[in-house]
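Chemist: Going down the list, the protein sequences come from chains U and W.
Its first residue numbered 1, the first sequence is counted upward by one per residue in my numbering.
Its first residue numbered 1, the second sequence is counted upward by one per residue in my numbering.
It cannot be assumed that every hint is accurate.
[Unchecked claim] With a straight-line cut-off of 27 Å between C-alpha atoms, the simulated DSSO-like cross-links for lysine-lysine are:
| hint | chain 1 | residue 1 | chain 2 | residue 2 |
| --- | --- | --- | --- | --- |
| 1 | W | Lys334 | U | Lys288 |
| 2 | U | Lys226 | W | Lys243 |
| 3 | U | Lys55 | W | Lys264 |
| 4 | W | Lys243 | U | Lys55 |
| 5 | U | Lys155 | U | Lys199 |
| 6 | U | Lys55 | W | Lys233 |
| 7 | W | Lys233 | U | Lys296 |
| 8 | U | Lys206 | W | Lys243 |
| 9 | U | Lys72 | W | Lys233 |
| 10 | W | Lys241 | U | Lys72 |
| 11 | W | Lys241 | U | Lys226 |
| 12 | W | Lys243 | U | Lys72 |
| 13 | U | Lys177 | U | Lys108 |
To be clear, the hints were calculated from the coordinates, so they are not data collected in a lab.
Chain by chain, the residues:
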Amino acid sequence: MNLFKLSFLILGLSVVLSFAGVAEAKLNVVTTIPDLAVVVSEIGGDNVSVQSISKGTQDPHFIEAKPSYMVKVSHSDLVVSLGLELEIGWLPPILQGARNPKVMPGTKGYLELGPYIDPIEVPKEKVTRAEGDVHPFGNPHFNLDPIRMGVVAVKIAERLGELDPEHAASYADQAQKLKLRLEEKAKSWQARINKTGMKEIITYHKTLNYFFDRFGIENPINLESKPGIPPTAQHILEVIKVAKEQKIKLIMVENFFDTSFAERITREVPGLRVVIIPVEVGGDPSIKTLDDLYEKIVSVIEGE
Amino acid sequence: MSNIFRLLIFIITFIFLIGSNAIAGLNANTKYANPDMSLNFLTLYQNSNRNSQTSNGFSLQEAELQFFSDVDPYFRANALLSISQASPTSEFGVDPEEIFVETTDIPNVTFKIGKFKAALDRKNLMHTHALPFIDASLIDQQLVGDSLNEVGLSATLLFPASWFSELTIQALQGQNEILFNSPNRNVPVMLVHVRNLWDLSDDLTLDWGVTGSGGNNSYGGSTQLYASDLTFKWRSQIGGKYKSLIWSSEYLYANLQGDPAGEKVGGLSSWIQYQFAERWWIQGRFDYVGLPQQGNNPIQRKESALIGFFPSEFSGFRLQYDHLDDGQPVAENKISLQMNITIGAHPAHSY
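Pulled out of the complex, with its shape left as it was, chain W reads as follows (with noise of 0.2 Å):
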């Protein structure tokens, strides 16, 4: 039976057992035992000129269905199914990116048990379909994979300060094939982040984010993995609605010891997005990957251009040109439009 077989079973499972719930018991009120629950789905079409090596064509880039809701007076659940195919010949496969429940009831802290994304910076905590680009950055791609989201646990602390100022320590079951999987599972991978928000005025906020992380690699050595990312936010809290602008960049440098390709490796990412209109983005991004370069890896870069409309908050088309310069004879010359959907009970994206 293939994977996606199952999780039509499965889907169809839980939505009869929600359904004749609802139904079951005529009232509204007993509705309030059910989760909240959305689907999320990205539709692809991309061109390139390296075919051999990109999905051109159409493809569902990804589907993400979503449940969320309080288990008791003490915790609040969520899971995230993501659906999507390992390469364009492969089958479909369900892929836990998130399961985890936290805490509702503690002041000032909250922790968390399960399966998540770590708090590495602002965009490994995003869902795909909310990544400012159709794809990741260089240096994302290159040390990360798609997302760095693994079992353990973590505790968020808000300081009590006058601005937004958040401690994160997780420790995490390192199974991110690049990073750490190593075979010795009693070292679990610690992770450290900070944040700091401040608004510079009412319509402004610089938002800082810094991180370590360490653990253990499949090289038989230990990898340090640091991160750092800075936000600007504008927007008028006068005719907010039609104009904004976010500049955001982030840097990683991990030290992989023992990595054949290289130990030490870094790369930066720059974009900038301008709303123009109340529905339209124009975005542009740069990609650069070798600060410092790995063993003789060469340096690459990346520019991309991007623009965005969205009919309303729950559909959206976004078309992107990206031209890839990593060393190979040819550069990359790509294009990418993409459809993203949302139905049912979305929780509102962070900020």
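Chain U with its partners taken away, still in its complex shape (with noise of 0.2 Å):
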């Protein structure tokens, strides 16, 4: 039984050792997507080390919780996710294997974003999953509103404060700089989307919904039949009818999607672009901050 008796040996000396912990400087964030560890990084600068889960090239609706995440969130001293239920089948389980209880739902180290905004979508009826993937709370995709990521942006800085009040101050500052910088650019990207007259999109998901409603735009059908459920051929159909009827010039798939119904839709209606969409930093090689992210779908609607 020697192997048992190494075995609680190495055990025990593993918990004397990580309960006395090394005390770093930085405070290391993890985030459920890029585009918020984009914001944790600008507000934090050098006094933040911050990783992302998932990439912007991935559908954040379905990441596989590696243990290696776990790793990542068992350092970590805040969690910071969107919510609205969009991180709800990988989040959890890294959560428990991460064994870090200062970043577990309901402690300063767990930041939910999703209760601090107004969300659109929500369900007004029983939700059932003949629907589909409905999210109870509403539509979770706000990190595609600039307006809501400057709210966002203000709530992280409070929580990075609450954590390191040494820098507090700075963090406060560099938010309600994002925030302002991001309300300005919005006006001319209003400017912009107005001057080329686009009012309807079609998308694969009701993921630029929140983009859509900022900016005066309907998405009058999705390519997906029901949120999560890849499209049937009479859903096509339908799609196709509505394009022609509604004279829709752009069809945006977003880029973890399969383009070939959208092209497929393009064969039967003349006039009709498909362009494939980053809809998170990352999503393109060239999309580096959210600025890149909003600039790259105002330039696409405007025919580029």
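Since each chain sits alone in its own frame, please combine them into the complex, following the hints.
Modeler: If you want it as structure tokens, here you go:
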């Protein structure tokens, strides 16, 4: 039974060492998506080290809860998520596997942003899975709204300040700068979108609806037949009908979805453009900031 | 009163209590106290050329009723009740497959108390509906049975390393009929498991586990059980919704002192899964039992092929073909079709 004795010894020593801990100068922050990581990085500067679990090329609904993500979270002081159940399929096992009580829900080290924004598309009736992957607390993709991301930045700064009071003023100042910058740019983006006359855009999923809601664009139909359910032949015919009747000019396919359905539709609808669109930072190698992301969407609407 | 009748009364009472709690409060905030719950059930059709030995036709393979919730700031509880038939002719029974609490407030270590699946290998930790094939591998069936799940204590430590490295030590009341089940209840079964997972790239992981376990068996001797599994998983971070690949292999070896059928037995299983569309998988598996051969028992080989279609995360269909050559005059050929349904708040599966 020497193997068992050795194992107990290792376990005991490791527990003692883990309690001892090593204080680090920087706050370690883990975010669920890269858009939150760039906000934390801009606010925190050199006082914060931040990494995102998912990448901008991945569908944020379906991330595998890799144990290596648990290692990231086990070393962290703060976990920041969008919430509204976007990450419900993968964040809970990562948090459990990380065995880091500092960042469990309900602690200062866990910040879920959904409750601090005003969500859109909150179901008014009872939610059932017969309607697909409906989010009962509203559309969770508010990272596509520059104004709400300003609100988010301020909230993140408050939490960073609580965890690191010495730099709280700096965090608040940086968040305000980010918020004001996005508000200013939103005016310019609105003017440019107005100039295009674009009023309706089809997307694969309701990912861009916060952006559309902010800038006065309708999303009359999606390529997927129901949230999370791939298109059926019957539904594609319905999309073709809507596109023709409403003279829609643009389909945006989020960068992690199959484009073949949209391409099939364009063969039936003259003048309809299909563009693969990044919907998170890193969704395209050129998208390194939130500003880049929103700028890209605006320029696609303009026809670039 | 049959077990199934008792279970129905239990479920109805439980749902009524939860429902009345929510209704009485008339406030969503009261629901926080209710555990999340889910029901998964597997309906199976099988046809084998060995009618006398297998359960041909339709059957309810298993239903799993699961409840889980935080208990307080220190513990989380999980209960999984498995409903299944012991054989095609017997009535349904309820088995508390897992009922345990685990700690949530201790850094780096999780302590677990109750009845739980032992950390033997990746597959032993999975519930039936999440297993890669409709049935368990030959060596699992021969050595472990349905699953090695025992009452006991568990401590799992996440090492402070740059990669995922985990050590699990478990003390179990060995009641597994094949491996342990000693009449002497004073000596627990001890199990040590080490798991490492490396990200070879953003798209590819290597997962390696090794286990040693020892305890007394029902033959009056001791059992030593060793297991190791190796899994490669590939999913591209670009276009990963539509394509992925898993290759997993395991080896189990046991020395069952006093077993009249032969003391030493080992076997391996290796399978591959390729996802070729958003909701479609094909899989192949090779099983071999006889490394080493147990006494005079014949060497067993089995080849399996499977195609899976999952309309959503909550429903799935799997069609499996097996060819078993186990030393009998006629090899077995079997077709199985399984429907897998989940309702309720099912927890996410582990990686």
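Chemist: Against this structure, judge whether each hint is valid.
Modeler: So, going through the hints one by one against the coordinates:
{"no.": "1", "hint": "Lys334/W x Lys288/U", "result": "violated, 54 Å"}
{"no.": "2", "hint": "Lys226/U x Lys243/W", "result": "holds, 22 Å"}
{"no.": "3", "hint": "Lys55/U x Lys264/W", "result": "violated, 48 Å"}
{"no.": "4", "hint": "Lys243/W x Lys55/U", "result": "holds, 17 Å"}
{"no.": "5", "hint": "Lys155/U x Lys199/U", "result": "violated, 32 Å"}
{"no.": "6", "hint": "Lys55/U x Lys233/W", "result": "holds, 18 Å"}
{"no.": "7", "hint": "Lys233/W x Lys296/U", "result": "violated, 33 Å"}
{"no.": "8", "hint": "Lys206/U x Lys243/W", "result": "holds, 23 Å"}
{"no.": "9", "hint": "Lys72/U x Lys233/W", "result": "holds, 19 Å"}
{"no.": "10", "hint": "Lys241/W x Lys72/U", "result": "holds, 23 Å"}
{"no.": "11", "hint": "Lys241/W x Lys226/U", "result": "holds, 17 Å"}
{"no.": "12", "hint": "Lys243/W x Lys72/U", "result": "holds, 26 Å"}
{"no.": "13", "hint": "Lys177/U x Lys108/U", "result": "holds, 24 Å"}
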